Structure formats: structure tokens, C-alpha cells
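Number of protein chains: 2
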Amino acid sequence: MKAEIITIGDEILIGQIVDTNSAWIADQFNLNGIEIYQVTSVHDNHQHILEAIKNAEGKVDLVVITGGLGPTKDDITKNTLCEYFDTKLVFHEPTFEHIKKRFAKLSIDINKLNRDQALVPENCTVLFNKAGTAPGMWFERNDTIFVSLPGVPFEMKYLLEHEILPRLLKNGKKKAIYHKTVLTQGIPESMLAEKIEVWENALPENIKLAYLPGPMAVRLRLSAMGNDDTVLQNRVEEQIQKLQKIIPESIFGFDSETMAEVIGRMLKSKGKKLAVAESCTGGYISHLITSVAGSSEYFNGSVTAYSNQIKEKILDVKKETLSEFGAVSEQVAKEMALGAKQVLNADYAISTTGIAGPTGGTDEKPVGTVWIAVAGENKAFAEKFVFGFNRERNILRSSQTALQILRRVILEDL
Amino acid sequence: MKAEIITIGDEILIGQIVDTNSAWIADQFNLNGIEIYQVTSVHDNHQHILEAIKNAEGKVDLVVITGGLGPTKDDITKNTLCEYFDTKLVFHEPTFEHIKKRFAKLSIDINKLNRDQALVPENCTVLFNKAGTAPGMWFERNDTIFVSLPGVPFEMKYLLEHEILPRLLKNGKKKAIYHKTVLTQGIPESMLAEKIEVWENALPENIKLAYLPGPMAVRLRLSAMGNDDTVLQNRVEEQIQKLQKIIPESIFGFDSETMAEVIGRMLKSKGKKLAVAESCTGGYISHLITSVAGSSEYFNGSVTAYSNQIKEKILDVKKETLSEFGAVSEQVAKEMALGAKQVLNADYAISTTGIAGPTGGTDEKPVGTVWIAVAGENKAFAEKFVFGFNRERNILRSSQTALQILRRVILEDL
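In order, the protein sequences belong to chains Y and D. 1 is the number of the first residue of the first sequence in this note's numbering; add one for each residue after it. 1 is the number of the first residue of the second sequence in this note's numbering; add one for each residue after it.
Heads up, a few of these hints could be off.
Copies of the same chain look alike in the list, so a pair counts if it works inside one copy or between any two.
Simulated pairs of lysine-lysine, PhoX-like, Cα-Cα distance not exceeding 20 Å [unchecked claim]:
{"hint": "1", "residue 1": "K78", "residue 2": "K88"}
{"hint": "2", "residue 1": "K313", "residue 2": "K273"}
{"hint": "3", "residue 1": "K130", "residue 2": "K100"}
Hints were generated in silico from the structure; no laboratory data involved. Note that this is a predicted model, so its numbers are computed, not measured.
Extracted from the complex, chain Y is given alone in its bound form (with noise of 0.2 Å):
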């Protein structure tokens, strides 16, 4: 089955705000074995949505309208759906009996415009929102299904999970689909192609690999398509294990992991301690390991040392070092590093200095000169890297990097 989603709103075309309607419908269709042929977004205009919707009908087998159903003047889905299949708005006094039963718990008075709510093209299966007050409404023509959701996601969630797919999927129009994402990370997207494409050229014709960059990771992403789901996950499962003989050392996780949740398995495993010192990434790594739900089992704390004095003070950083090798120095580095693990009480701990940028750098440390250092459990070491010009992706980048050599330092016990 091939569906399109049409979103209705000014809102969306102005930037005002984010279309996660989409993205959310999209992926509850994907896990169905529904395919997202498009997505288009018009303005809230009676001519612009006809033209969308007629231009769908002949592509796709079902047609997703949502927006344009509140109370305001704004609405005009509801007539712009009449005329498409030339019927007209007539009263649905059960959708009227639920609105009142809202407005009487809030005990607000009832005007024209949430009565207006009530009416409906007189040809659609009307769809209960136990959510909201705009219901949903169902069309069939020929062999296309249309829905009309509102375009508030909490109500357009309840309508989809609640109404739209059980009904889709009585149907039993539905394919099987199987998706893994594996997560690596360490080498670049090319040189990544570059080492997996014999395995690539040789994926079965019903798997099909997509590469998705990203700031803290390269993600592949396996996505089988066929009749039997178990058939289709051992496929996929086969082609995943091929893969870690190729690159095992950059597979960190998959699907939806971050590298901060693998790290704090691993720790919480080995019931080992984890201490942070931060100078160029100020905070974000820490951050990154307390986004974590639990983090306090394995995670002491951490220091931002952004001055020379606190590098000093708190983190026994010795002020020979300082002034013979800088603050941005593998001999600081290394030092950061062990004195957060002497400090911190811990088992590891990770340090970053560096030049975030924009301004800072010299000739022999250009912007985007970092050393990360990690202290293991027997010994400590640095290394050097130079990112960019930009300081919101310097942070990033040097806050990935570390808990990426952080990971190899614990698996390999070091």
C-alpha cells in the first residue's frame, strides 16, 4: 500500500513551526509496511489543497490530509473536501453531543464555531476524537481511501493509532517490512562506502542499504521488504553479522542508541565508575552521559576546568605543564584526565582541551585543535585532533570523539 501525506497550514510554509506530523505518521506507516510515496505541504487555500489532493489521488492508494479542521476562520478542509467530491456539510449530532460533554466539563458555553465543529461532508465515515473536538472523517472513491485529521499532533495521534490503521490494516492490504539501523562510528562516510561496498553490491535484491550521516554518527540502515516478517529479520540479521566481520571495531550500536546509552551499559556491566573533564566541550559531554536515565549508577560528576587556575586547583593539572606545553596540550590532556579520575574517585574518566573557536588560534594551534584523553584502568593517553571553524560542531565533535575512544578503552580494558 502507497500512501501521500498531505499537511494543510500557513504555519508550516512561514517556518513558524516543525512539521512532526509528518515524520510521526511516516514512521507508524513504515513500521506497518505502508510506503510514504510523498509528503506535501500547502498553505491553507482552497484552490492549493484541491490541486494537491487530485494530484495524489492517481499516484497513491490512500491519501492522508491533516490541518486545517480547527474552530477558527482559518478552517477550510471541510469545504475544500465537499467540493472535491461534489457533496455537501450536513450535522453529525453524535460528534455534537461529544463536543458538548467537553465544554460542559470545562464549563464553557458552547458558540457557533464549536457547533460548526459538528458538521461534516455528508459522504465520509465520520472518526470518533475522543481527543479533541474536530472528528476525524474517512472517503473512499474508487479504490483510493482519503483521510482528514486535525493538524494538533496529540489529537491527529489518537485518530491514527485509534481509527485509521486498525482499519488499514483489516484491509490487509499490508507487506512485510523489516528495518535495522546499525550505528557505527570513527570513519568518515566515504571511506566507509569505500570498505563495505563488496558486502553492499552484494546485499539480496529485497534489502536495501541508506546511509545516514550525522553529526555523532554514520548510520546504515537495512530495510527488507517481502511477505514473511521472520523470513525478512533473519535475512536482515545475516547480512548485520557479514557486516561486523568487515568493520567490527565502528559498530557501536543500533537503531535508535546513542553512544552515551552503549557507554553506560558497558560501565553498569563491569559495575565500573566514570568521571568527566571538561575544557573546550564545557559541559556537553557530561551532559551527554546525564541524558542518560540512570547515569548516577556509573557517572560521579565532572569538572569544567575553563581557566588555567581551575585546571590547577581542582584537577592537580600541574602549573609546570601549563606553562611548559599550554593548556592545549597532550601533557595537559593527559593530566586533566588523571587527576579527574583521582578527584572524581572513579574508575575512568575522559578530558577534552582544545580551541572551540571562532577566535583563539594561533599558527601551530589553529581553531579546531582538540586533545581528548582518556584515563583506563592502567593507563592513560592522548590524542590530537584538528575539527573545524565552527564552535557549535567543535563541541560536538570533540564530545562524540571521546566517548568513542572511551568505548575502546573499556572494551579493550586498558
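Chain Y is already provided as a structure; the job is to place chain D on it using the hints.
Showing chain D alone in chain Y's frame:
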């Protein structure tokens, strides 16, 4: 000028990522008086992309295409554009030089895929992408402009700001437009709307007000349209002066400023230093402060004291205070702030201690309970808040509230 955005990428249509690029572009265009007619998201599919471009060409003056330019083989936009414009790919030497330089800096060898990023359709103007390796492309045919940009947000934004918008604005099809956004904090949206209702209703015909609520602030954007930039600016400023008399304590800044930037400016002008002690916010306040370039001038550092042991050891919180009142208490919050101010050699310090969730709450101190303390130059005090059940949002709201209290303390010289 009217534009359509076409986003290319299977990952959008299976709901794996939210299309934030379109919202960002729409916002930028809107600020510059360019109207977005439609946003269309299509698959990484040659025919589908062709169809979408063809559809757009007749309706708009500008087609912005994002995505499908990465170095891996699921990249098909360039070939599709060649077919559309009946041209061929040619090698663009300056782009290749740029790619080589970027890779040399990272000490990575260039492979064929990287080299292929320097291939561009012969009829395009190449837009230099300082932020990445895939160049932007600019085409003109009849009266329509087509631009193709990488889908990586960071690179797309660079190209739009530095290459696309300047070229479009030079074309001079622009109408006079002036926007200013007032940043407010501390009043929920609905209460704010009530407070400023009379002012809002009295706004001149050509000034529009938009509420832009967000987790860190409620932003009020005033947009004026007309023929003369200076006149518009004066009219908007007049209205803002009136607004400032109605909600003087709630306005903390304008346009894209962050609270951390505003605080940074205040500290710099006073020549004062700030320190942070975090428990439940886990480093996020420190991250917000150090996201501001130049923050090392007024920020010495922070301590994330996740365990009680670290609160005692580094921040000098008394053992008895912890055992008598518990870690989440007024007394501990205050001792943390005073300790941070002392240990980190600062004039001001903020602290947070609370239960971020989703577990760890009790009847007396439910999930979402947070104590925030500020130590000013002369006094220290703490306030209690009860936020919600969501860990991520609790971290965000605690951090935002802490900065807001700090701003008040600095303003009032406490």
C-alpha cells in the same frame, strides 16, 4: 518572489528524521519577503525527483532542492539535474582543490567517491561550500531559478546564508519588510497573551504579531510590511517601547540572542566572573554558557556533582546538611552555590539539585522537583520548582530557569 522547497531523501519518508531543513529555509525566506508556495518531500528516486521539479517549475520563481548530494551511491540528484537540464557532469577543479585541502587537514586519503563530489552539471554556477565538500549548484532557465543544496543542515545553512540569499536579494525583487523578535521568559504563553491583549489589538494594520513558544522562551515576532525600511523599523521600535512598559521584567533580549549571551554581556560589562554547580542538570547549564564564543572571559568553570560524595569533596557541602535535609533541598542547593563561588573563584554562582526522572521520586519529593540557588555578590538564596515527568524537559527547564534567576540577581545587584 515565490519558492518551492523539494527535499529529497528516503529517511524523511520513512519517518527516520524530521525535516527541519524546510522549516529553517521557510523561516529565512519569510524573513526576507520570499513566499514559500509548497514543500514537497520525495524519495531518492530519479523519476520522482524529475516529476517534482517539473511540477514546481511552472508554479514558482525559485525551486530549492535539498539532499541527495552525499559521496555515497544513493546520491542521484546531480544526475537527475543533468537529465532535467539536458547537460552532462563536468569536473570542477576549484571544488576538487577545496576537497583535497579539507582531507589533507584530516590526514585522510582521497578516494574516487570524494573526487566525484567535484563533478557538477555543466550549466550550473558552482556555489562554494566552505562548510563541507559537496558544492551548492545554481541554475537558471527561462524565468526560474533552481538551486541544489546538500541535506546536511550545517552545510545547507552555510550555503543559503552566504551564497543563495545574497544572490536573491541582489536580484531586488524584494518588498520592504522588517522583523524584530522580542524574547520573553517567566510568563506562560496564555497569561502573556492576556497581559498584552490591549497592546496587541491596537497594533497598526501593517504590523503582524506572531507567538513563537519554545522550551527556552516565548518569542513575540513583530513583522512589518511596506515600502520603506526605515519607516517600518521606526514603527516596530515604537511598539516595542510600549510593550516594554507592560512587561518590563519579562523581556530579556531580542531576535536570535540566547539567555546565555545576554548574561555573558552583563557579566563582561561588570567585569565579573561566573561559576556553576550542577546536579540534576548534569552539565547542561555549563554547556549553554560555554556555547557562547568568548565565554572564557567571564566563566571560570563548573562542577557537575552527581554523587553526594563529590558535593562534599569538591563543593564543600557539609555532610550534616546532606544527611539532615537530603541532596534535593534548599540548604544543599545554597551550599552548592556558595561552594562553587568560593572554589571556582567567582563573583556569582548558580546551582541545581533535583530529581530529573523518570525514576527516583518520592511522595514528598516527586520527579521534577528541583531546587535552584544563586549566590550573588552579597547574598545567596534558593527557589523550589516542580517541573514535569520528562527527564529531557526537566533538564532543559531547570537550566533555563536557573539562568533566568541569575539574570535577575545580576540586574538587581544582589
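Now for the hints, and whether the structure bears them out:
Taking the shortest alpha-carbon separations for K78 and K88, only the intra-copy value of 9 Å comes in at or below 20 Å, while the best inter-copy value is 47 Å. When the C-alpha separation of K313 and K273 is checked against a cutoff of 20 Å, the pair qualifies only between copies, where the shortest distance is 16 Å, while the shortest distance within a copy is 23 Å. Proximity of K130 and K100 under a CA criterion of 20 Å is satisfied intra-copy only: 13 Å inside one chain copy versus 59 Å between copies.
When held up to the earlier numbered hints, the structure conflicts with none and fits them all.
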